[in-house]
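*Asks:* Start from chain R and add chain C according to the hints.
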Amino acid sequence: MGLAKRIIPCLDVDAGRVVKGVQFVDIRDAGDPVEVARRYDEQGADEITFLDITASSDQRETMVHVVEQVAGEVFIPLTVGGGIREVADIRRMLNAGADKVGINTAAVFNPEFVREAAERFGSQCIVVAIDAKQVSAPGEALRWEIFTHGGRKPTGIDAIEWAQRMVDYGAGEILLTSMDRDGTRDGFDLALTRSISEAVNVPVIASGGVGNLDHLVDGILEGRADAVLAASIFHFGEFTVGDAKRHMAERGIEVRL
Amino acid sequence: MASIAIIDYGMGNLHSIAKAFEHVAGKDRVLVTSEHAAIRAADRVVFPGVGAMRDCMAELQRSGLDQLILETARSKPMLGVCLGMQALLDASEENRGTDCLGIIPGQVLRFPADLKEAGSDTRLKIPHMGWNQVEQQQPHPLWRGIPSGSRFYFVHSYYAAPRENAYVAATTPYGIEFASVIERDNVFAVQFHPEKSQHEGLALLSNFVGWDGEP
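So the sequence lines, in the order shown, correspond to chains R and C.
Take any residue in the first sequence, count from 1 to its spot, add 44: that is its number in our numbering.
Take the second sequence: its letter number 167 is residue 164 in our numbering, and every next letter is one higher.
Bound-form chain R, shown alone:
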């Protein structure tokens, strides 16, 4: 017995509304992030991650209000990613009630930002989000690189070296997304997950590709992830977080039930 592996539902939020269609049968307003977060909390989510995909900057403030409202009634850790570019963005989200912020593109363009953020706010609230894609040809030794802009722009940066560098700079956790698997429902990129998890000494959250509950189990047992993040399998009401936890427990994984 000991530390539980975590299940983290992720909500994409655009201008204050949940997108990518949450489809709970019995929910009043599936677009309301507060209501959806409350539902996941009731199901036993260990944390909730919000990804702010708001494009226009004049609607940025809506995410702050979402976090404020959720933090007022959901008492589990909340992470906010998307659009975190400067210290002021972090302060605003933490003051609204977020516990951690995810830094993605800004870290690639300015790695010192991660160092500055960790020194200012503590590593415990700095999650570096890494979007990685396999670049090795079939038959070659596996290699992954960092991509930005939703997986469209290569950076030439090796994913494992990048993860280690980000931890050196003060990242307290790595949110690792396989851009090859994201949206496919084919399961995590387990080789990638395991390579990163074994290369760093901070927790790694596996993300990208979950299509069924066995994928979550694989992410922990084979990918060696400390936590698993999923969106669609929970949003569409196929499985609850509780279903996922019971399934993982049956497979011998320690979870918070």
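These are computed hints drawn from the structure, not numbers from a lab.
It is possible that some hints are incorrect.
What the hints assert, rightly or not - Here are the simulated SDA-like pairs of lysine to any residue, each with C-alpha atoms no more than 20 Å apart in a straight line:
# : chain 1 : residue 1 : chain 2 : residue 2
1 : C       : K24       : R       : H109
2 : C       : K16       : R       : R135
3 : C       : K122      : R       : R209
4 : C       : K113      : C       : P170
5 : C       : K122      : R       : A243
6 : C       : K122      : C       : P109
7 : C       : K122      : R       : G46
*Replies:* For chain C alone, coordinates are given in the frame of chain R:
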């Protein structure tokens, strides 16, 4: 009306803990403050904190809140949380050694870098982050309604090592069994974040709000 003062000394974000107390005690009973008079006037005091120990102690000394916390620890119910728990001990290994408040005898140590799961070869990561079990080691009014072994949310790289077991209210396994809750008279202090630990966390805060300070 009984009031709860949450000490604001610039170490971390107090929004979550204030919200959680407002949830269990009502909005008008919770005060986030750095003012000595307000903290003295409160019926009970919460000593939170996130960050590095050297900054924490420097800030407490600069503001004179260190003396006020010592005074509070002798006089009324006080709840230490996370860094606010660790600061109660004599000294911490953090920042190459930092003297702390000395309210509970003992040291704050860093988890060893080669930490392994008990009885296996599995490497354990640092920080210790996530939901872990809190095994109650002695009865206490703040455990009311909370089964021993309940999970709470942790995030930390250092842990408290009180000199005597009498101060250990609960332990948690992470490679070693460390003191996740310590207590002495009217002081109760937790390494985890009750404000982020859902039902059991709120139950603990609620118990604190109703506690008269008698162990």
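*Asks:* Taking the numbered hints from earlier one at a time, note which ones the structure violates and give those numbers from smallest to largest.
*Replies:* none
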